[in-house]
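Colleague: What follows is each chain in one-letter form.
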Amino acid sequence: QKEVEQNSGPLSVPEGAIASLNCTYSDRVSQSFFWYRQYSGKSPELIMSIYSNGDKEDGRFTAQLNKASQYVSLLIRDSQPSDSATYLCAVKANAGKSTFGDGTTLTVKP
Amino acid sequence: EAGVVQSPRYKIIEKKQPVAFWCNPISGHNTLYWYLQNLGQGPELLIRYENEEAVDDSQLPKDRFSAERLKGVDSTLKIQPAELGDSAVYLCASSDRLNTEAFFGQGTRLTVV
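Chains A and B are the protein sequences, given in the same order.
Mapped onto the numbering used here, the consecutive letters of the first sequence carry residue numbers 1 to 110.
Mapped onto the numbering used here, the consecutive letters of the second sequence carry residue numbers 111 to 223.
Derived from the structure by calculation, the hints contain no laboratory data.
Just so you know, not all the hints are guaranteed correct.
Said to hold, decoys possible - Chain A stretches covered by chain B per the calculated footprint, using a threshold of three residues with CB under 8 Å from any CB of chain B: (1) 42 to 48; (2) 99 to 109.
What the hints assert, rightly or not - Derived pair list, reagent style DSS-like, types lysine-lysine, alpha-carbon separation capped at 30 Å: (3) B:K172 / A:K2; (4) A:K97 / B:K121; (5) A:K42 / A:K109; (6) A:K97 / A:K2; (7) A:K56 / A:K2; (8) A:K56 / A:K97; (9) B:K188 / A:K97; (10) A:K2 / A:K67; (11) A:K42 / B:K172; (12) B:K125 / B:K188; (13) A:K42 / A:K2; (14) A:K42 / B:K121; (15) A:K97 / B:K181; (16) A:K67 / B:K125; (17) B:K121 / B:K188; (18) B:K172 / B:K125; (19) A:K56 / B:K126; (20) A:K42 / A:K56; (21) A:K97 / A:K42; (22) B:K172 / B:K126; (23) B:K125 / A:K42; (24) B:K172 / B:K121; (25) B:K121 / B:K181; (26) A:K56 / A:K109; (27) A:K67 / A:K97; (28) B:K181 / A:K2; (29) B:K172 / B:K188; (30) B:K126 / B:K188; (31) A:K56 / A:K67; (32) B:K125 / A:K56.
Quick caveat, the model's predicted, so the values are computed rather than measured.
For glycine and all other residues, C-beta sits at the position ideal for the given N, C-alpha and C.
Take the sequences, apply the hints, and build the full model.
Modeller: See below:
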């Protein structure tokens, strides 16, 4: 079992819809959680970070964290074709070790 | 503010040859990471530095890979000798504190033929 699990997808949503991306992790002492977006042939780009239980909103993006369930999610509202990319979930423990999932590929269809 | 800078962007070498990658982190970032990313997979940590000290190199194949971060700023990652299976994208990232977000450079795409 991988330390950080994501559905590989592809996840396909129509333009304007809500895209929901999920991530589970195995290390209970994890403290920091990040979502990165990676376009094909490019490097990962940070879009959200979350450190405490609950929701964190930034524009069209909302990150949700539930440490008891070891679950973190990313919602993208009003999805646009430019959101089509691979979304990577990353988890950090207190010791600074960072582990990435293999990503979920999102396609937003016009 | 300049981001993380890596060079070269692309490198093609023959197997058994040496290769080196260079990374300049964001100014003031004490933590530097080298990751390897294969197609369709997430980045995998090779080594993490806190200033000039390598604090996590458990995933670095030490028989052929080496890294250094002299003076706690720039870093180089070396492979000698390269194998076909080393073909991947090598990513450098930096962060300013232990548990904060990491920012990635553009990566070096290595092809071993």
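Colleague: Does the alpha-carbon distance linking K172 of chain B and K125 of chain B stay inside the 30 Å limit?
Modeller: 17 Å, holds
Colleague: Given the proposed pairing of K121 of chain B with K188 of chain B, does the C-alpha separation stay at or below 30 Å?
Modeller: 13 Å, holds
Colleague: Given the hinted pair K42 of chain A and K172 of chain B, is their alpha-carbon gap at most 30 Å?
Modeller: 28 Å, holds
Colleague: Check the hint pairing K42 of chain A with K2 of chain A against an upper bound of 30 Å on the C-alpha distance.
Modeller: Holds, because 24 Å separates the two Cα atoms, which is no more than 30 Å.
Colleague: Does the alpha-carbon distance linking K56 of chain A and K2 of chain A stay inside the 30 Å limit?
Modeller: Given pair K56 of chain A, K2 of chain A holds - Cα atoms ~26 Å apart, limit 30 Å.
Colleague: Has the given pair, K2 of chain A with K67 of chain A, been kept, meaning a C-alpha gap of at most 30 Å?
Modeller: 17 Å, holds
Colleague: Given the proposed pairing of K56 of chain A with K126 of chain B, does the C-alpha separation stay at or below 30 Å?
Modeller: Between K56 of chain A and K126 of chain B the Cα gap is close to 49 Å, so the pair fails against 30 Å, i.e. violated.
Colleague: K125 of chain B and K56 of chain A: Cα distance at most 30 Å?
Modeller: 47 Å, violated
Colleague: Using a Cβ cutoff of 8 Å, are there at least 3 residues of the segment 42 to 48 of chain A near chain B, or does the coverage claim fail?
Modeller: Per the Cβ count (5), the hint holds.
Colleague: Given the hinted pair K42 of chain A and K56 of chain A, is their alpha-carbon gap at most 30 Å?
Modeller: Holds, at about 26 Å.
Colleague: With the threshold set at 30 Å, check whether the alpha-carbon distance from K42 of chain A to K109 of chain A stays at or below it.
Modeller: At roughly 21 Å apart (the allowed maximum being 30 Å), K109 of chain A and K42 of chain A satisfy the hint.
Colleague: Is the Cα-Cα distance between K126 of chain B and K188 of chain B 30 Å or less?
Modeller: Roughly 13 Å separates the two Cα atoms, so the pair holds.
In summary, the numbered hints that this structure violates are 16, 19, 28 and 32.
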